[in-house]
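**Q** Each chain, written out:
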Amino acid sequence: AQTVTQSQPEMSVQEAETVTLSCTYDTSESDYYLFWYKQPPSRQMILVIRQEAYKQQNATENRFSVNFQKAAKSFSLKISDSQLGDAAMYFCAYRGRVTSGSRLTFGEGTQLTVNP
Amino acid sequence: GAGVSQSPSNKVTEKGKDVELRCDPISGHTALYWYRQSLGQGLEFLIYFQGNSAPDKSGLPSDRFSAERTGGSVSTLTIQRTQQEDSAVYLCASSFSRAYQETQYFGPGTRLLVL
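First to last, the sequence lines map onto chains S and Z.
Using the numbering used here, you'd call the opening residue of the first sequence number 1 and step up by one each time.
Using the numbering used here, you'd call the opening residue of the second sequence number 117 and step up by one each time.
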């Protein structure tokens, strides 16, 4: 079964600085997608960024970028120029073409605090 | 509406009572998913709908849990004879199709507290 591991339960960053959240996963598939979701106190899970396994180029969305290392099964999220509104729980998620069926498999989450 | 909506936002019930949680997916999304978020278990998949049928119910934790979807739109998750361990946030998500590359868009969840 696929597993997703986020080894940092909590992280903090100063406003305007850069922070990297780690995620590793285990799979035997070659065709899959990886996602980072943000969950603020409002509980709404918001998609931050996604990466297709077959794309070698790392995905970027404004201040958010990923470092996708397929061989190492690593998918970290870098937040540049951190803002107070970035404070939230961040979840890494996996969905494979074949074995995941319909579901996303989530990591345990990383609680990000942004200090002014 | 533009996003996935869920109701109620919060629900407090007594042990042994039945509860119904509602999800309105994004218009036009054929796939709908229920997840549960609890302190001890993290985010767990419960059930998935394609149209009105549920091809994957494997995440439902017991036969006290059931779900239906009508008109290819609204879904209701029902928990019968609630137990304290059912306390959690229940999240609904929808996607345009069930294809693995499709992004799942989440609602704000229903926080259930069983006393």
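To be clear, the hints were calculated from the coordinates, so they are not data collected in a lab.
Only a predicted model underlies this, so the values are computations on that prediction, with no experimental measurement involved.
Keep in mind that a hint or two might mislead.
Pulled from the structure, derived: some chain Z residues nowhere near chain S, Cβ distances all over 10 Å [unchecked claim]: (1) D140; (2) G144; (3) A147; (4) Q166; (5) D172; (6) S178; (7) S182; (8) V205; (9) L207; (10) R214; (11) Q217; (12) Q220; (13) L229.
The calculated DSBU-like cross-link candidates involving lysine-lysine, where the alpha carbons are at most 35 Å apart (straight line), are [to be verified]: (14) S/K73 x S/K55; (15) Z/K133 x Z/K173; (16) S/K73 x Z/K173; (17) S/K55 x S/K78; (18) Z/K131 x Z/K173; (19) S/K55 x Z/K133; (20) S/K55 x S/K70; (21) Z/K173 x Z/K127; (22) Z/K173 x S/K70.
Even glycine gets a Cβ: it sits at the ideal position worked out from N, Cα and C.
**Q** Which of the numbered hints are not met once you compare them with the structure shown?
**A** 3, 4, 5, 8, 9, 10, 11, 12 and 19
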